[in-house]
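Below, each chain spelled out in residue letters.
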Amino acid sequence: MPLAPDLSRRAILQGGGALVAGLLVAIELPWAAARADEPEPTGKRFNAFIHVAPDNTVTFTLPAVEMGQGAFTSQTQCLAEELDVALDKVMTVPAPPDQANYGSPALIVQATGGSTTTMAWSGPLRKAGATARAMLVAAAAARWQVDPASLTTENGVITHAPSGRTIAYGAVADAASRLTPPKDVPLKDPAHFRLIGKPVHRIDTPDKVTGKTVYGIDVMLPGMKFATLMASPVLGGKVGSVDQAQAMTVPGVRQVVVLDDLVAVVADNTWAAMQGLNALAIEWAPGSNAGLDQAQLWAGLEKAAQGPGVTAKKEGDAPAKLKDGTLFEQSYELPYLAHAPMEMTNCVVHVHDGGCEVWTGTQVPGFAQAGAAKALGIPPEKVTIHNHMIGGGFGRRLEVDGVVKATRIAAHVDGPLKVIWSREEDIRQQLYRPLYNEHLKARVENGRITALHHRVTGGSVMARWLPVAFTNGVDSDAVEGAVDVPYAIGNRLVEYIRHESAVPVAFWRGVGPNGSIFSVECFIDLIARKTGSDPLDFRRAHLEKNPRALGVLNLVAEKAGWGTPAPPSPHGARRGRGIALMNAFGSFLAAIADVAVNDTGDVRVTRLVIAADVGQVVNPDTLEAQIQGGATFGLSTVLFDKITFAGGKVEQGNFNDYRILRIDEMPVIEAHVVPSKENMGGIGEPGTVVTQPAVANAVYAATGVQLTRMPIDRALIAKGA
Amino acid sequence: MDLKINGADHQVDVPDNMPLLWVVRDVIGLTGTKFGCGIAQCGACTVHLDGVAVRSCQLPVGAVGGRAITTIEGVGATPAGAKIQKAWLDLEVIQCGYCQPGQVMSAAALLAANPQPDDEAIDAAMAGNLCRCGTYVRIREGIKHAARA
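Heads up: the sequence lines are chains S and G, in that order.
Using my numbering, the letters of the first sequence map in sequence onto residues 1 to 721.
Using my numbering, the letters of the second sequence map in sequence onto residues 1001 to 1149.
Rather than coming from a laboratory, the hints here were simulated on the basis of the structure.
Do not take every clue at face value.
Derived lysine-lysine pairs resembling BS3-like cross-links, with alpha carbons at most 25 Å apart [unchecked claim]: (1) S:Lys545 <-> S:Lys313; (2) S:Lys89 <-> G:Lys1086; (3) G:Lys1086 <-> S:Lys198; (4) G:Lys1086 <-> S:Lys314.
Given the structure is predicted, the values throughout are model-derived calculations rather than measurements.
Okay, chain S solo, but in the shape it has when bound:
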């Protein structure tokens, strides 16, 4: 979730200040305070990120969590590059809750998200590595009475070439850690990089391929019990009454925990807990949302979208220009979405001795700690967070509702408790991507858009999650793709209207740009086609001042063969090719999708070509993987996904009705990366964002129908519809 430009800069300064303090004051951070659960290791901690043991084991404490995006590897590349150690000699651990040392320079709080890890951390981590290396070299130089400049380092060994002497980092770690950390240590010349920019193998995958990795859901503790739960199916409802008699006869069931808004069954194993939950007779008190349905939610949003809005961006005088001339106007509507990571919500909690231990995978360890503490009414420092690998985040683990619910249940149970959500509970009881209405109005003169008004209406995630980024009534994330369009237009007005319903909303892979860029790119296609322009040429006409955007657009057009028709496909007679461009998360991407549409309106994407300029790259293989994966995520989104409400309940529940694309539905995906020396951009989310409008525009080209409410509605494009 990129912040408003001024806020980003301010945040980086604040966060950077905190980081510099953490790095340069050689705090002997007592390990035990950082991770109360771990024994204090021998050896020396150089700063918040680096610890060197006498046996030369180097441990990196990584501020950004691993949830598949490759952050553990890329952060380790940055640290190891400057420290000059081999990747296979490094141990990595996730950072404990510690805002002072691990608060994100981009996100202010300690969080992993918004495609910000590389942008936020590559600089500070390189600096940490270089500073620690300089201290080790200085200690060796002092021991040998030689000039530090005469020493070289490689793979954790310091060499004095003139005398042929060598010494391992571990042997000087103690002396080095007593030195005052030098300031402004120079970073390595990129020409000498061994790791940064190289497609090194990931450090997390060897254990994942053999089943050894312990995700939160895999935690096993002595004496642990297992629980599953059900919260009120109607949003905001409460428990009326519970008849436990049948459930308690299920073999293995130990206990039923009834809270005001949910019921949990505790058992000897997860299966018994599920059987017990099925056997409960629960009467719910549904409350005020029992009549809530999707038509009402759409209508409420549409009404709110009439305005007036708060100004998020103003250039020239768009309203005056939009009074007459050749005008176009269209609204686009984006549905609620569930994250549906493969690892459903789960959490292990042990409440004991006035404190609490939590085992889970979280993108926000500090929020998890605070959430558990609040649930128990104890100070945060009494809560230990054991952070684990995450089986897919996509924003879901930026929320700690699961930690809070599990802690509330565990407070009534003796011993450690693993709480697992069923898939249905996971999909029905979460926070969703906001419902968005994006209204656009444009004036076209001489083949160019000369004025654009874009009004974004929806629930605000920022206002709840990071209030400092909700300024003057504007959610900086929701409008990002609208404020920073790549096109030169002249007169622009971007407005934001916050409209909350009873449905809680959260960040979701692609965040605000998913809606705003989708809408801009579909609207551009609408205008291009209505004015008889080629969609590629029409975009190019607005990019004379934006060489990076033009670069990816031209590259994707060349690679995909724009101008030729999409090839025949057995999946449908109607074929189309669609294009889209984006600039968000500090990156530029363009995509071209080929689709085939059959008579019943089923859409098959047959080929997807993406060009990306993400600036400097830490790991090119991870970059390609994130483009492929992000695009695939976007395909499921545009083709299938929506969360809808009826009678106050979510209508979807599992992968049969909340579809994820399958391998036999996959197009060919080609990713082309522009070599770039520009500042690093993010790549976890852009593939998801750029794919959706490319597919929608291809469907428009194939059918002549522009769909304006997502996901694609087959009924509207069936033959003869």
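Position chain G relative to chain S; hints supplied.
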């Protein structure tokens, strides 16, 4: 009840109708096999019975009988499993990894039965395994890479 898992004998005292998934995870403690949907829609729970890929979330343990159970922890001991695991690392197929035990088990069963699978065979064998990270492009490449090994 006696179960043979990854070549080792296990005695478990569980109801016949308990899905094999939960016996393997919660009772035996082999947590590599994953819970993803509970209705055989996602394939995260895939294991082998006598080399055949099955969804353990829908398989009552009482139906296993004397068949040999192989999980992700043991599949590396089979030639096809070892090839798939190596290909997965060579090509860096894995992202979050949560679905990958199931993907590896389905791919290993495919490769054991069909040493040179074409795209159609890969689609047929792998369409029951969902990946939310979107690693399908590399799963397809990985199977072909393993077939060439």
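#### Entry: Enumerated hints in conflict with the structure, sorted upward
4
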